[in-house]
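Turn these sequences into a full structure, and let the hints guide you.
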Amino acid sequence: MVTKILSFAFLCVACLLTSVVAADSPSATVDAGKPIAQDKAIDYLKREGQRWIDKQGCVSCHQIPAMLWSLHAAQSRGLGESERPGVPDQDLKRWTQWSTDAVNFVKPHQRKDVDVEKTLAGNIDTMAALMLAIPDDAETSWRDQFAAKLCSEQADDGSWKACGQLPAQKRPKLETAQATTLWVTLALLRHGSEAFDLASAIRFADSGPEAVSTEWYAVRMMVAAEQDPESTDGFRDKLLSRQRSDGGWGWITSESSDALATGLALYALAESGETESREITHARRFLRDSQGPLGEWQVPGTKASAKGKPTPTSTYWGTAWALVGLLSTRS
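Residues in the sequence shown are numbered from 1 upward in steps of one, following the working numbering.
Incorrect hints may have been included.
The following label-pair restraints were derived from C-beta to C-beta distances [stated by the list, open to error]:
#1 112 with 200: 24 to 30 Å
#2 246 with 113: 48 to 54 Å
#3 137 with 203: 29 to 35 Å
Below 27 Å or equal to it, Euclidean Cα-Cα: the simulated DSS-like pairs (lysine-lysine) are [unchecked claim]:
#4 173 with 112
#5 55 with 40
#6 170 with 309
#7 149 with 173
#8 93 with 112
#9 173 with 118
#10 93 with 173
#11 161 with 107
#12 107 with 149
#13 93 with 107
#14 93 with 170
Hints were generated in silico from the structure; no laboratory data involved.
Glycine is no exception: its CB is placed at the ideal position from the N, C-alpha and C atoms.
Below, the structure written as structure tokens:
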């Protein structure tokens, strides 16, 4: 009788331990609830990206690079023509070729007398994002053109100027310039460029008060992983310490979680070698639970003028980065 009781108790403990282990597994935890509708997210990104192209006719620093980054990520993980909805090869090739032609950085009525060099100089963030978004195996002449122009536009203090409406974001202008500088540095490092001052770029990015945006911590960690992998742990700790109790990150670290910051954080963790962890599981669950019915993630505008309300631009950004982050960390 005693033996039977002990056997039953052991079986109960074993079942309990098995349940705990399963709950800590990233795939088990995320799949326990509703599935992430990545097919709807891809559809949303294609539809709204094409709508931007049809209506505005220009690349822009926010819409098209985010579109290409997310759709190339989807295609690289097998979400191509054989799966519906997916990313047809011809569509992605067409969008990539169109977006990397600098004349398309301006609106159609401005193209007749476009000054390409001046246009490139005014699209620092666009060039860096496209270099990072599009795989290296793609055609390279535009990549070399962008890299050379970025190197020539570095300021004496090591920085690159944030362009477009980015300086209107709800964080210190210095930090916005630092974020741009970090993205450009990351793009040039991955391209293998040596015609820029890396040390001064890092000094500029690390200057001033403590950063308030998740973007800074995410990109700084990726630059560290490229430049000095041994220093990555410290930046990873800083990023993880800013994860919120619901599993997400806020674009401003002290504010509510959103898909834009959370996707960026997941991508940065994956790019620095961490694709599975309890923190990643928690973040993926946040994204799963906050996805909208059309496959989108509603995100408050990053500009002060948005007053904390969702905007089409930030929602598109957030949806793109949520998809990139999820695809980067899925097992």
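Query raised in the report: Is the hinted range of 24 to 30 Å satisfied by the C-beta distance from residue 112 to residue 200?
Result: 38 Å, violated
Query raised in the report: Given the hint that residue 173 pairs with residue 118, does the C-alpha gap stay at or below 27 Å?
Result: 23 Å, holds
Query raised in the report: When you check the alpha-carbon spacing of residue 93 and residue 170, does it fall within 27 Å?
Result: 35 Å, violated
Requested in this report: Note whether the CB distance of residue 137 and residue 203 lies within 29 to 35 Å or breaks it.
Outcome: 33 Å, holds
Report task. Decide if the proposed pair is consistent with the structure: residue 55 and residue 40, CA atoms, cutoff 27 Å inclusive. Result -> 22 Å, holds
Requested in this report: Sort out whether residue 107 lies within 27 Å of residue 161, counting only the CA atoms.
Outcome: 22 Å, holds
Query raised in the report: Is the straight-line distance between the alpha-carbon of residue 93 and that of residue 173 27 Å or less?
Result: 36 Å, violated
Requested in this report: Decide if the proposed pair is consistent with the structure: residue 93 and residue 112, CA atoms, cutoff 27 Å inclusive.
Outcome: Holds: residue 93 and residue 112 sit about 25 Å apart, inside 27 Å.
Query raised in the report: Going straight from one Cα to the other, do residue 107 and residue 149 come out at no more than 27 Å?
Result: 21 Å, holds
Requested in this report: Please work out if residue 170 and residue 309 have their alpha carbons no farther apart than 27 Å.
Outcome: Distance of about 13 Å is within 27 Å: holds.
Query raised in the report: Should the hint that residue 246 and residue 113 are 48 to 54 Å apart at their CB atoms be regarded as holding?
Result: 51 Å, holds
Query raised in the report: Does the alpha-carbon distance linking residue 173 and residue 112 stay inside the 27 Å limit?
Result: Given that 27 Å is the threshold and the Cα spacing comes to 34 Å, the pair is violated.
Checked against the numbered hints above, the structure violates hints 1, 4, 10 and 14; every other hint is satisfied.
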